[in-house]
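Note that this note's numbering has the sequence shown beginning at 60, numbered continuously upward.
In short, the hints are calculated from the structure, not lab data.
Just so it is clear, the structure is predicted and the values come from calculations on it, not from any experiment.
Take the hints with a grain of salt, since some may be wrong.
[To be verified] Below, computed lysine-lysine pairings styled on DSS-like, alpha-carbon distance capped at 27 Å:
#1 103 with 135
#2 159 with 131
#3 85 with 119
#4 67 with 110
#5 161 with 110
#6 161 with 119
#7 87 with 135
#8 110 with 87
#9 65 with 110
#10 158 with 119
#11 123 with 67
#12 114 with 135
#13 123 with 85
#14 87 with 158
#15 159 with 123
#16 159 with 114
#17 85 with 161
#18 85 with 110
#19 85 with 131
#20 67 with 119
#21 134 with 87
#22 103 with 134
#23 103 with 123
#24 134 with 123
#25 114 with 161
#26 131 with 110
#27 114 with 67
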Amino acid sequence: MVASQKVKTPTMEFYLFYISSSALRKAKRLQRRWSRLLFSQVLKTLNIHEKLSLKLNDHKRTYKIEFYFDEKYGKKQLNEIIRLFETYFISRLCRSINKKRKELTTTALLTSAHIQLAEKDDDDDEDDEQINGEANTAKEKANRNDEKEYDDDDDDNNNNNEENETDDEETMQDNQDEND
Numbered sequence: 060m061v062a063s064q065k066v067k068t069p070t071m072e073f074y075l076f077y078i079s080s081s082a083l084r085k086a087k088r089l090q091r092r093w094s095r096l097l098f099s100q101v102l103k104t105l106n107i108h109e110k111l112s113l114k115l116n117d118h119k120r121t122y123k124i125e126f127y128f129d130e131k132y133g134k135k136q137l138n139e140i141i142r143l144f145e146t147y148f149i150s151r152l153c154r155s156i157n158k159k160r161k162e163l164t165t166t167a168l169l170t171s172a173h174i175q176l177a178e179k180d181d182d183d184d185e186d187d188e189q190i191n192g193e194a195n196t197a198k199e200k201a202n203r204n205d206e207k208e209y210d211d212d213d214d215d216n217n218n219n220n221e222e223n224e225t226d227d228e229e230t231m232q233d234n235q236d237e238n239d
């Protein structure tokens with residue numbers, strides 16, 4: 060079996076020669092039953108009314124959707140169409156609305172969470188500065204002590220180096236005196 064990018068619905072053609080009117084009506088009924096009927100072919104008009112109510116803590120949108128079906132399909136077919144419409148279309152519409160509502164509430168929650176975190180961060184900055192100030196003071200004190208120790212070590216090394224330099228100078232002078 061070979062897959063195709065465009066799925067084609069299999070079709071079949073019947074040629075009816077010299078048939079009676081009752082056979083022709085049955086053939087038309089069979090044709091309608093087997094053919095795919097789109098919702099747009101059945102729907103005559105569609106009216107959508109939106110109502111937005113803004114209360115103190117409650118914002119609501121109410122939609123009223125009115126479907127008007129074409130009457131040429133007959134009462135029996137319209138009942139079947141309405142049943143299928145309720146079964147498939149309404150359930151898909153409800154799933155789609157719920158999915159969109161969840162996305163909107165998730166983004167609203169994330170946005171409010173970011174706002175709350177930003178507000179919370181502003182309050183914490185002062186506390187952090189106090190804590191960081193105390194920590195910085197302790198670090199600076201430790202650094203000064205370390206620098207003092209290094210300076211003391213450097214002073215000792217410098218004194219030793221100065222003594223070594225004077226010793227070296229004396230030996231150099233002694234060597235020169237001996238050479239002269």
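These are the hints, each one checked on the structure:
1. 103 with 135: holds (17 Å)
2. 159 with 131: Distance of about 36 Å is beyond 27 Å: violated.
3. 85 with 119: violated (51 Å)
4. 67 with 110: Distance of about 43 Å is beyond 27 Å: violated.
5. 161 with 110: holds (21 Å)
6. 161 with 119: Given that 27 Å is the threshold and the Cα spacing comes to 15 Å, the pair holds.
7. 87 with 135: holds (16 Å)
8. 110 with 87: Given pair residue 110, residue 87 is violated - Cα atoms ~44 Å apart, limit 27 Å.
9. 65 with 110: Violated - the C-alpha atoms of residue 110 and residue 65 are around 41 Å apart, more than 27 Å.
10. 158 with 119: holds (17 Å)
11. 123 with 67: violated (37 Å)
12. 114 with 135: Not satisfied, since the Cα-Cα distance of roughly 45 Å exceeds 27 Å.
13. 123 with 85: violated (39 Å)
14. 87 with 158: Not OK: residue 87 and residue 158 at ~41 Å, beyond 27 Å, violated.
15. 159 with 123: Roughly 18 Å between the alpha carbons, so the hint for residue 159 and residue 123 holds.
16. 159 with 114: holds (22 Å)
17. 85 with 161: Outside the cut-off at roughly 49 Å; violated.
18. 85 with 110: Not satisfied, since the Cα-Cα distance of roughly 47 Å exceeds 27 Å.
19. 85 with 131: holds (17 Å)
20. 67 with 119: violated (44 Å)
21. 134 with 87: Status holds; Cα separation ~17 Å.
22. 103 with 134: holds (15 Å)
23. 103 with 123: holds (17 Å)
24. 134 with 123: This hinted pair holds, its Cα atoms lying about 24 Å apart.
25. 114 with 161: Roughly 21 Å separates the two Cα atoms, so the pair holds.
26. 131 with 110: violated (33 Å)
27. 114 with 67: Since the Cα atoms of residue 114 and residue 67 sit roughly 52 Å apart, the hinted pair is violated (cutoff 27 Å).
The structure shown violates the earlier hints numbered 2, 3, 4, 8, 9, 11, 12, 13, 14, 17, 18, 20, 26 and 27.
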